[in-house]
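Note that the protein sequences, when read in sequence, are chains R, B and C.
Taking this note's numbering, the leading residue of the first sequence gets 859, the next gets one more, and so forth.
Taking this note's numbering, the leading residue of the second sequence gets 859, the next gets one more, and so forth.
Taking this note's numbering, the leading residue of the third sequence gets 859, the next gets one more, and so forth.
One should not assume that every hint holds.
Pairs involving identical chains hold if they fit within one copy or between any two copies, as the list cannot separate such chains.
Claimed, not checked - Under the rule of at most 20 Å between Cα atoms (straight-line distance), these lysine to aspartate or glutamate pairs were calculated in the EDC-like manner:
| no. | residue 1 | residue 2 |
| --- | --- | --- |
| 1 | K985 | D1138 |
| 2 | K977 | D1205 |
| 3 | K1328 | E1394 |
| 4 | K958 | E1013 |
| 5 | K958 | E1060 |
| 6 | K1428 | D1253 |
| 7 | K1407 | E861 |
| 8 | K985 | D1087 |
| 9 | K1141 | D1415 |
In case anyone wonders, no lab produced these hints; they're calculated from the structure.
Since the model is a prediction, treat every value here as computed from it, not as a measurement.
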Amino acid sequence: MLELGVCYYPEQCSRDLWVEDAQRMVELGIKWVRIAEFSWSEVEKTPNVFNWQWLDEVIDILGEAGLDVVMSTPTAAPPKWLVDFNPDILPVDENGVTRKFGARRHYCFSSEKYLEFSKSIALKYAKRYGQNKYVKAWQIDNEYGDHDTILSYSENAERAFRIWLKKRYHTLDALNEAWGTSFWSMNYNQFDEVELPNNLVEEPSPTHLLDFYRFSSDQVCVYNQAQIDILRENAPGRKITHNFMGHHSAFDHYKLAENLDFASWDSYPMGALIHSNLSDEEKNKRLRTGLPDQPAFNHDLYRHVGKGNVWVMEQQPGPVNWAEYNQSPADGMIRLWSWLAYAHGVDVVCYFRWRQVKFAQEQFHAAILLPNGQPDQVFYEIQQIVEERKLLPKDQSRRQAKIGLVYDYQSRWCNEALPQGQDYSSAIITSDWYSALSKLGVDVDVISPDAELDGYEIIFLPDMMLDNDKFVKRVQNADVKLFLGTRVGSKTENMHIPDQLPPGSFGQLIDLKVIRVESLPPYAKQIVVFNEKEYEASGWRESVKTSEKILATYKGDYRNGGAALVGNEKIRYSSVKLEGNLLNDVIKDTLSWANIDYTKLHEDIRVTNRGDLTFTFNFGNEAVALDILNEHEILFGSNEIEPIGVMVRRNIS
Amino acid sequence: MLELGVCYYPEQCSRDLWVEDAQRMVELGIKWVRIAEFSWSEVEKTPNVFNWQWLDEVIDILGEAGLDVVMSTPTAAPPKWLVDFNPDILPVDENGVTRKFGARRHYCFSSEKYLEFSKSIALKYAKRYGQNKYVKAWQIDNEYGDHDTILSYSENAERAFRIWLKKRYHTLDALNEAWGTSFWSMNYNQFDEVELPNNLVEEPSPTHLLDFYRFSSDQVCVYNQAQIDILRENAPGRKITHNFMGHHSAFDHYKLAENLDFASWDSYPMGALIHSNLSDEEKNKRLRTGLPDQPAFNHDLYRHVGKGNVWVMEQQPGPVNWAEYNQSPADGMIRLWSWLAYAHGVDVVCYFRWRQVKFAQEQFHAAILLPNGQPDQVFYEIQQIVEERKLLPKDQSRRQAKIGLVYDYQSRWCNEALPQGQDYSSAIITSDWYSALSKLGVDVDVISPDAELDGYEIIFLPDMMLDNDKFVKRVQNADVKLFLGTRVGSKTENMHIPDQLPPGSFGQLIDLKVIRVESLPPYAKQIVVFNEKEYEASGWRESVKTSEKILATYKGDYRNGGAALVGNEKIRYSSVKLEGNLLNDVIKDTLSWANIDYTKLHEDIRVTNRGDLTFTFNFGNEAVALDILNEHEILFGSNEIEPIGVMVRRNIS
Amino acid sequence: MLELGVCYYPEQCSRDLWVEDAQRMVELGIKWVRIAEFSWSEVEKTPNVFNWQWLDEVIDILGEAGLDVVMSTPTAAPPKWLVDFNPDILPVDENGVTRKFGARRHYCFSSEKYLEFSKSIALKYAKRYGQNKYVKAWQIDNEYGDHDTILSYSENAERAFRIWLKKRYHTLDALNEAWGTSFWSMNYNQFDEVELPNNLVEEPSPTHLLDFYRFSSDQVCVYNQAQIDILRENAPGRKITHNFMGHHSAFDHYKLAENLDFASWDSYPMGALIHSNLSDEEKNKRLRTGLPDQPAFNHDLYRHVGKGNVWVMEQQPGPVNWAEYNQSPADGMIRLWSWLAYAHGVDVVCYFRWRQVKFAQEQFHAAILLPNGQPDQVFYEIQQIVEERKLLPKDQSRRQAKIGLVYDYQSRWCNEALPQGQDYSSAIITSDWYSALSKLGVDVDVISPDAELDGYEIIFLPDMMLDNDKFVKRVQNADVKLFLGTRVGSKTENMHIPDQLPPGSFGQLIDLKVIRVESLPPYAKQIVVFNEKEYEASGWRESVKTSEKILATYKGDYRNGGAALVGNEKIRYSSVKLEGNLLNDVIKDTLSWANIDYTKLHEDIRVTNRGDLTFTFNFGNEAVALDILNEHEILFGSNEIEPIGVMVRRNIS
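Next up, chain R with everything else stripped away, as it sits in the complex (with noise of 0.2 Å):
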């Protein structure tokens, strides 16, 4: 069953309003609450001093109420204090300024003192309430990464980077010949001459930056680490989470998620929205629903961070205060961003925030209820929620779906480390495709590189820049088909162009080099013809060798005729980035090829299954007749799906 949570800030209101707050959300039909994942200094205004006292009392009037608590570690925002007595915990920007107090974030993850402050407040956290019967869950920190925090340039970023080096290369001839030093005279004779790849002439070794990327995820990684041991000793039976951001790839979520218990994210699609790359015109049109597939794409990639076992951890309930527009969603959608989080998996939803706070940074940012206590819109919105959640069978759970679409950390890394062309974003592309997919009515598990194939009838590999050997022997013995898209397997672990030139270890599967790439501007449009239609693309071109059956090809004065897909029975190879139609009719073909059935929907609709369940998402203001064929039980909605609406039927086989 769907679960709802909310986020409560007891110190940021007055304590006569707690027991009214706490009975509030049960009537609601809230049943998790997390807390105080800033309350470091209300609970250690001065050193070594504690006021445990108004924390004890709120989780008592919580627990009481018959609410479990998401206790946090308060690790994201240390005191000033803390920071004036030691500043060099600060971060430091890419300019080289150390990044002041005064908001939140403001630590570096390679500061050892700040990392031995985590874990005594963690410890002193743990110790209180990690056997407290009304703490269910721990959140560890809050949001990594937020802010740009993870790469920072400050001497003990410095130093621990030598160390990491040193332990990664063991000599200064393999960092050497990794780096490729012998490029420019930039020979290094000792760890110690190596310094952060920022405030240079020019751009530094690729290697130099991919490996200072890697180095700053496992900073963050070493940080949580540290923090589960402690809540593993002193919180025992607890769940552990950290609530990660939308789509943010500083850091290897798998890494950092190895030993906790569920994933959980923040969900923001208004902001999702501004910030995309859409045209005005089509941020226009999707102004009060976000992108149908943003959050989708989320919960599937963090339902694989947490091995089958995910949260929304922050749901928006209304506009926000940090985009650089903040509209309204329409009404309706937290309802319905709450169900469709529930049928790609999610298993709670709690809801940012129970009260818009009158003060400080985020006094724009709605709540559940208004700065004067009335219920906000979304109010009512989880009221019907919570009616139409009786209406379901509780035991349904997510399943695998016949398609896995592979997010490499590392090959993001390496896309930011040498772009080539200054728009080419394998982020866009991974969600362009995600989309693409899902318009087919497909269910797509997003899956890491590592994962089991098994199961698939297709992997989908719209970005894997890293050549990855054991990747490929692991296709070769599993039954599914393969698709590339442009650069997959083009940069050794080292980022070097491999021996046999790209796709790399790919040309195991197929016959196929990469002689020449291109980066082309937007305004270059390439002429690619496929199924003997003609089509529009641009920003990446390849030109291959290949003996391989070519599928589409290039027209027009520069290399007419050059192949634009290529592909055998195992795997296919696209030279173009695919975008647009191209995509779409692409990606039809090759599902078809994968005998993989889809239905072409409406632009508005979305639908995915949970289990039994089918859902049905309208993410348009006008109403949309469906045209189910197989025989169905509607749950709830109906087969004229309303505007900002949801239907759930369960398919009768």
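Following the hints, position chains B and C against chain R.
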């Protein structure tokens, strides 16, 4: 009578020219000469060695020729030796970079050392020339705020900010509550822990920002008052002013001008056009005339700042040097602008500058004389003004308008501190409202929230974000109507959301609560229905709860029928950002509601009154025939008003 | 005969390949091999321990295979140990940030320490290889100015700048007068008070800037000369060069090249296109051919810089890695560019590079061989060139053109120091004029203001802002016509407005004074009437006073009928920035006036002459039929010139 003046730089030209220059000024009809505002290093070339001789001589030459001198304190540009001995007087920018010597305004308002140096040199100037018979007025410093120099992030500023906070809040609890430091564990235990709000990881508390803006404004006022005190004592009977910039809001001009005898401002309409937010097409249309309402608005504002007394200290004389593009005004514009100034209550117009300088930063800045000493275009336009002013009665003063428009500096800083939508600009909103009124041929007084309300029929509050219970009380006791824009009253003194929800205290005048706000991108057009006509709006939209009469509504998928304009007999509130035709038509309707006559003017025409005189200006390149109904006498110009033309008439009542 | 060369990096590939590579080069027709310009850390891995063995071996292998070696001094990329021992050699950027090791060009030209290190390593190289029988030429350093490294804001630079100023001005009075420090109280009492012109509150005196640019240029010249001196002494009889960048103007190339034996430059037309200011549509049209006149202009410029002797040291061989987008040239373009170079007087074209490198920053940079050693496209194009060159006579030299076009580095810096309009670019103006001439099929010499004027029919001065009385005197004594663009002669040596007003000394040739200038935004179109036709212009407009014949006038509301083009028998002056059709038609008319024949070419066609040979190039994708009137013999190609085609004919006179 309109008096004329000129800015003169004897130190920048050969001594041989001084006598001749003075004579030519007198012949041209000039009365006032402002000098010496950048003269420090010419007077005190090395520390404590003063060379007054040249300045004595200049003043004598000017005075003996019959000219009145506006003497300046030279503190806007301290000499190099002073900076080198006291490098900590330099301002520090937001990135933390100390700005170097080599231009002007290279001082930090929080440097106590520089305050002492300023007092010392001002005293020297005041003692020497305070009672000079030719020196009739004093200008303090020059254009506070130019080159973004109000905010300085120096150690001096940090120290002074802490003292200012202690004075404001007395206790840390008060500060913590005001800033809402419980929000992200931002609690302070000592005032000395507080830092300046730059280089943070994420935005600081908006109250932290707002207080820094308030503090910075106060520093300027303190700095300025120190020089007023010296001049009052040493230059008895001389009028004191400062030359402000057009529509600059980084400090509180009302407060700074409290003890000045008159306000003056520097009018550069060509640069103001280029820096405006108009489309290219609109800019091109007004390329050589500038925005008709930009100088007018500033005249009206500074008339209020100067408590009725206002000069133009620097009038653009032709193309200048400092904008991205520096087009020539149309021939005749300097005359037009001069009469426009007079019509709006300006008593003296000084042209910047006498001779075009051959060297240094402003060598492209036009002047009355070309670099070779021959007259440039403006010379002839001044001759024309001198002839025309003989045709006017001498005793006409500007009268109070029926309409007040509130300009509140503190609310500007609120907008700056928490815009919520990236291009939400209360400066633009205020300009737009002023312009909409001006296009209807009505006179407007720009007033502070503390101004006397008697005598006004209606007060417009385009952007008074900061709630103001005292103002509301005064409105309740006055026979005046009120028109409020979006966000009025939406923040308390400490920048919290008011307990009673926006519009805060204004809720005493109207039963209305704002329960949701949205900032919207320009492409997200909202349809508003007003008087059965449909309009487009964008940028900002609110949902309100009200029992009052709804005068305009939203139409569309989102909250169809919601109130866009609400009113009772006393007050109207617009929940949508008014712009374009919607703004124009709402303003028209509102004037009728307030029983104020108006005429829709030709787009190139502006009309305003000074005493019994009505001035009409044609900003266009085509002649426009006026249709004047009441009996009148034309003093100069004609009813068929020529391109770039001015017509003055006296109405016969 | 066109000789071919290649850039080779033996240190970046396996030793096993050296012999094979040398043989393959010889077989391909390569004569020259440039090596070692980034070899420092390979030769001196640790301080004072030299490993010459590999380089000795490489040179022997190349030489024995029959190749001539261009040896380089390796100073463009000092090793890490050197930087770590001497961190003050690093350059400092405009923000004051010291740039770090990790790429190349990480040195400040004002570091005396680095100058000594450079001399020392250059001496080591020169002593070892100066008389090596295979080393026939030397390249000093590599691409001065790349990555914006001419201007450094280091303490070393500040110290050196003060000394330079003392040398230039001798007295402070002279400096104060030159910089116009009386302007804003900017007076200096000691040379040591002067700082570098960065991080000011507002722009510095333009003369301060101009002097800093001059100083910075001089520092490069001094640095370069030190290496010339060493090579002259130790590499007797070897030709010395530096490889310049395309159209780079941050230092005075004429001065730097004074003692070089030949100039060489690095030609990358694809990046030049992407970085150009063309519209997207125009860029798309030339996407894979580049701008026809961009390489041609540089050939002509560097031919003059090299006093008639010029190479292309690096010819783009395919897609590269460093632009925002890196498209592939059309197949055949490398051949076309090679012949274009030869036609414009280039004697040797070297391709960058032999093998595509698998690692480091430029791994996406194409080469003659793919990373796997197989030939890429350019390999086959070189084969074609080698065949074709057999068909041409060997003894043809470029002859003096009838048209000179002045390129003055100092004027560029004036423009930089005081642009007045934000997009006023003398670089673009010069390119436009060169291109307008090229489209008429006439040969042009790019010349310095000091060049011999005899033999030219007409000299074009598109942008010589700096007044130059000596030049005017030489024009007076020569039988040559002159065509001046806007702003010519508008600034004296010290960047003042000339006493006689612009065009300064040129006023001796024409009765004309510029009495007003305007910089105009692109949307502010001015109508110019020329030969009874109307044209649009924008960007810059002047009002002039003249008694000379007016050849074109402005039309419109502003100063209707004012002179846009003025001329007498000797000289023409344009008061409007010429562009588009106006430029083309004025240039045409001006050629007729100067009695120079021209032909309006097809837009894709360019024609130029070397000795008796006429080269015709087709930059388009369609064949173009030529209509050649005079008797001729075709050496290769045909009259129906193929897409991306070259035709060479000898005219029979």
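Here is how each hint holds up against the structure:
1. K985 - D1138: Result: close neither inside a copy nor across copies, 51 Å intra and 63 Å inter.
2. K977 - D1205: Classified as neither; 29 Å inside a copy, 70 Å across copies.
3. K1328 - E1394: Neither way: K1328 and E1394 sit 35 Å apart in one copy and 58 Å across, limit 20 Å.
4. K958 - E1013: both (16 Å within a copy, 14 Å between copies)
5. K958 - E1060: This pair counts as between: shortest inter-copy Cα distance 9 Å, intra-copy 28 Å.
6. K1428 - D1253: neither (37 Å within a copy, 60 Å between copies)
7. K1407 - E861: neither (51 Å within a copy, 43 Å between copies)
8. K985 - D1087: Classified as within: same-chain Cα gap 13 Å, cross-chain 64 Å, threshold 20 Å.
9. K1141 - D1415: between (35 Å within a copy, 16 Å between copies)
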